[in-house]
Amino acid sequence: MGLTGEWARDWVTDSAEVIAQNRVALITLDRPIGDGDHGENLDRGFQQVLAKLDGLAPDATPADVFKLVAMTLISTVGGAAGPLYGTAYLKAAGAVTGAPELDGAAIVAWLTAARDGIVLRGKAESGEKTMIDAWTPAVDAAAGALADGRTEPEILDAAATAAEAGALATEPLVARKGRASYLGERAIGHRDPGAQSTALLLRSAADVAAR
Amino acid sequence: MGLTGEWARDWVTDSAEVIAQNRVALITLDRPIGDGDHGENLDRGFQQVLAKLDGLAPDATPADVFKLVAMTLISTVGGAAGPLYGTAYLKAAGAVTGAPELDGAAIVAWLTAARDGIVLRGKAESGEKTMIDAWTPAVDAAAGALADGRTEPEILDAAATAAEAGALATEPLVARKGRASYLGERAIGHRDPGAQSTALLLRSAADVAAR
Amino acid sequence: MKKLINDPKNVVLEAASGIALAHSDIVTVSMDPLFIVRKDAPVRGKVGIVSGGGSGHEPLHGGFVGFGMLDAAVPGPVFTSPTPDPILAATHAVDGGAGVLHIVKNYTGDVLNFETAAELAEAEGLTVRSVIVNDDVAVKDSLYTAGRRGVAGTVLVEKIAGAAAERGDDLDAVAAIAERVNAEVRTMGVGLTPCIVPHAGEPSFTLDEDEIEIGIGIHGEPGRERIRLEPADAIVDRLLPHIVDDVPFVSGDRVLLFVNGMGGTPLVELYIVFRRAAELLAERGIEVSRTLVGNFVSSLEMQGCSITVLRLDDELTELYDAPVQTAALRWGR
Amino acid sequence: MKKLINDPKNVVLEAASGIALAHSDIVTVSMDPLFIVRKDAPVRGKVGIVSGGGSGHEPLHGGFVGFGMLDAAVPGPVFTSPTPDPILAATHAVDGGAGVLHIVKNYTGDVLNFETAAELAEAEGLTVRSVIVNDDVAVKDSLYTAGRRGVAGTVLVEKIAGAAAERGDDLDAVAAIAERVNAEVRTMGVGLTPCIVPHAGEPSFTLDEDEIEIGIGIHGEPGRERIRLEPADAIVDRLLPHIVDDVPFVSGDRVLLFVNGMGGTPLVELYIVFRRAAELLAERGIEVSRTLVGNFVSSLEMQGCSITVLRLDDELTELYDAPVQTAALRWGR
Ligand SMILES: Nc1ncnc2c1ncn2[C@@H]1O[C@H](COP(=O)(O)OP(=O)(O)O)[C@@H](O)[C@H]1O
Ligand SMILES: Nc1ncnc2c1ncn2[C@@H]1O[C@H](COP(=O)(O)OP(=O)(O)O)[C@@H](O)[C@H]1O
Ligand SMILES: [Mg+2]
Ligand SMILES: [Mg+2]
Ligand SMILES: [Mg+2]
Ligand SMILES: [Mg+2]
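Taken in order, these protein sequences are the chains called V, D, A and C.
Numbering (our numbering) for the first sequence: 1 to 211.
Numbering (our numbering) for the second sequence: 1001 to 1211.
Numbering (our numbering) for the third sequence: 2001 to 2333.
Numbering (our numbering) for the fourth sequence: 3001 to 3333.
Honestly, the hints are just simulated from the structure, not real lab data.
Since this is a predicted model, take the numbers as computed values, not measurements.
Glycine residues also receive a C-beta, built at the ideal position from the N, C-alpha and C atoms.
Each hint should be verified, as a subset may be incorrect.
[As the list claims (entries may be wrong)] Below, a sample of chain A positions facing chain D; criterion: calculated Cβ distance under 8 Å:
| hint | residue |
| --- | --- |
| 1 | Thr2080 |
| 2 | Pro2084 |
| 3 | Val2197 |
[What the hints assert, rightly or not] Going by beta-carbon spacing under 10 Å, a handful of chain A positions derived as facing chain C:
| hint | residue |
| --- | --- |
| 4 | Ser2017 |
| 5 | Gly2056 |
| 6 | Gly2263 |
| 7 | Arg2275 |
| 8 | Leu2292 |
| 9 | Thr2317 |
Construct all of the structure, not just a fragment, from the sequences and the given hints.
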């Protein structure tokens, strides 16, 4: 059974909760290698999304939900993460427009589209210590799980696990994009906040799918 | 034997030393109830006086020395203390102009003139927590010692002792002149820095006379 | 103590060199005796205006030397009034034959040193008038104090008296205008953090992490009371009544509202304070017709601000609006 | 955290209200979406100029809205770039038919949000050009970073591009002038203390009592290296070569020297820095022909400063000198 509009709504609700819970943690990650606002920015954005969720039609598809998230994040988050996450959700919506349910292939499609959207806007490559270092392993793991014939929740779980590992793996890196890039060697030893929030969001997607 | 020009010079030299030694102490007194510069101001002034001392004629009278101190303090100390001490030394010089040696009566005369000069400029009355609260007891004590037939060093010692007691006695007072007056009740418990420097200078005068 | 300085002893002179280099189009700086003077001084036939006082309040006073404001400023050591010598020299330098006005903040040191300088100048044949600025309502009762302090309102006295001199008023008239501004202006401040005088090397007072000082002076002198930190609006609600009820300013009055930063408070906070002060004045029917926001009378790096209200009439408004060209205040040319 | 604020969430909006009240002669403030716009916008036939970015850098950008400079400024949350919506709204508000120039500091957030706004504006039929300011030489190698940051030099880009627009240059010409200023301007800063973002409530980094950060960014981002506190002259001696040798500026060049305070450093210290910087330029045969000293691009209450050098030619000089009437920069009217 694929992921429904219901799942998408629940994911948003859970994301908002997870981000709120991790607001301080994300701020704390952003402080040493950024400007200490990543948690604040995302929290502001997801609270807005939450407030708008009720406005969706009852039969909203996952793409409709993604689009709402995209537009709301773009217009409320600001900073680097706002346009990047906004583009990600917008491209994700584009990849599954109209589909009432998302099967494994659709999941891989929207994850891929999301990642590609971030690359298009932010021009980051892998290993540059950005959220891409969580997204790309997630996309690859999801594609692998799909090839292995896993279920939708399993595919999302694989993506989340890979994103978590990817976020962790940003720690030893020097940054080449975003504010952390100004730090040179001094970014080493710090986890990228955007990669961490990506892992949190994908873990939330998997958790909600597994319920 | 009266106080000579030699004594006056030595007093200046010793004053400069005493003030330098008490620079921090006077700053510390001025901090809670003023602006923390009294020691700095007087030290700057007396170092300048010291530098100019050699320029005096070898037969300079006490009044000549007082005048040099006056002009130098006026032009280098600034703040409230500069014009006040400047006036004090200027009036002291005026009280003993021309005299090569100062007997007890002359000492009382210049102490009185100095105090009156400060009152003329600063308009402080006794008990207003200013240097006047050291000067007036000093003048009175000197006059008393003179009446008792004491020697010149004894007269200065009486003045210094009274100035010290006067400075101490400023501690419980509320200030009505100078910066400390802005504090109201909060000035209570702090010694007035100008009264303290007055006590130091008069003690130096007595010490040098007693050598 | 973390400061962008070299030897604490050289702070004032090095800053003066910087001012000379940065504003050579407007001012000339005499290094010894130290004073900052309008480039075209003395202006023949114009009343000269001299102010001065301890350094550490920049842009006061050097930043206000120029067309339409001060003819000279005499900076003393940090937070210590200058001695009579440079005041006297500045007075000579700006005397264009119409006499010189001294604008003096009411601190014992400033008053005494300017007084001595004025006496010396008069003895040398100059005509000098003095106006003592005492706009600080934080000081409770002038009978029992050295009197109210001169604080941020000084800028407005200097601006308006400067305009009067520039339009050709004689010495008595310029002094009268300055007295009038002083009579119509009231200020009160709040300090959030202390400041460190360079040669002292440590703060002149301390405040706990949640304490603020209401009615603080511009040298970090303690003020009227020490209270717990409050939101900006609550602080303004505390300060403004003292300012407004003193003259008092009443419904129908037109005023200039001036929020002055103490040096270490970001501008964004000054606007928050301004907003509340403007609201309160509006509630009382007092019309804010001119405004000024920024760090004009600072106390080194102290965090805090003061609020100044000046009642305007047509003449004061016109003089305030008149062209001014100084390092820190400029319009109309 | 001691600040003159109310709820940290309301800092930007309350400050905007303050700006609206304080400068109603120059600007109008739209509260939702939030932007500050020139009172007479849109000016028909004139290229509109919009800038913006995170708040906390006041007077940048709102203090530079007015005749001869910006047509609109879009303040984001503190230290966070604004979203595309208000940028788009501001772009519409200033479009006088001759197109709109976006002046954007080179931070990923600012660039992406302005880019999105520009795309949306173009989609709605407006003509938009963008110029990215990246004057900060502290960032070492642009191949391995997000590129140089846009810092204090932005003020000069805004002033000069604003003058070009005011004299009637078309969009391409105004953009070309802005690019030219950006090509000729270099900045590097030093931080002595951190600053506290209101909603964060604690410093974004810490420095020991004797440590300073060379090459700091305007959000308190760490810079090139952390060193022991040094005298001001030694710090300037460190910063200036990076600035001068980059373009490079050489003997015979005429430049504008701009010493910018980070918000918490007293003006008296900025003049000490200015003095040394001017000396060093003179030693290299570089002529300082225009100057600017003050807190123009601040980082809340951070102590520190930046030094900016802009190479001038006759045209840039003329445009810099042209009249400007904004809250924070004003001359000629
Ligand atoms: N060019 C980029 N491509 C991909 N991700 C980026 C890029 N620049 C920044 N990021 C991500 O954005 C995160 C920072 O987001 P945030 O703190 O909200 O914005 P800002 O840096 O503007 O304050 C970084 O941790 C990084 O993951
Ligand atoms: N009106 C006055 N009459 C007499 N003494 C005064 C008066 N005002 C101030 N003083 C003295 O001056 C001292 C302060 O001197 P100082 O700190 O050098 O000057 P300032 O207060 O200008 O910083 C006070 O402690 C007090 O003794
Ligand atoms: Mg951030
Ligand atoms: Mg003192
Ligand atoms: Mg003093
Ligand atoms: Mg940010």
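Evaluation of the provided hints:
1. Thr2080: Holds. Min distance 5 Å.
2. Pro2084: holds (6 Å)
3. Val2197: holds (6 Å)
4. Ser2017: Holds: closest Cβ of chain C sits about 5 Å from Ser2017 of chain A, inside 10 Å.
5. Gly2056: holds (6 Å)
6. Gly2263: Result: holds, 5 Å to nearest chain C Cβ.
7. Arg2275: holds (4 Å)
8. Leu2292: holds (8 Å)
9. Thr2317: violated (13 Å)
When each numbered hint is compared with the structure, a violation occurs for hint 9 only.
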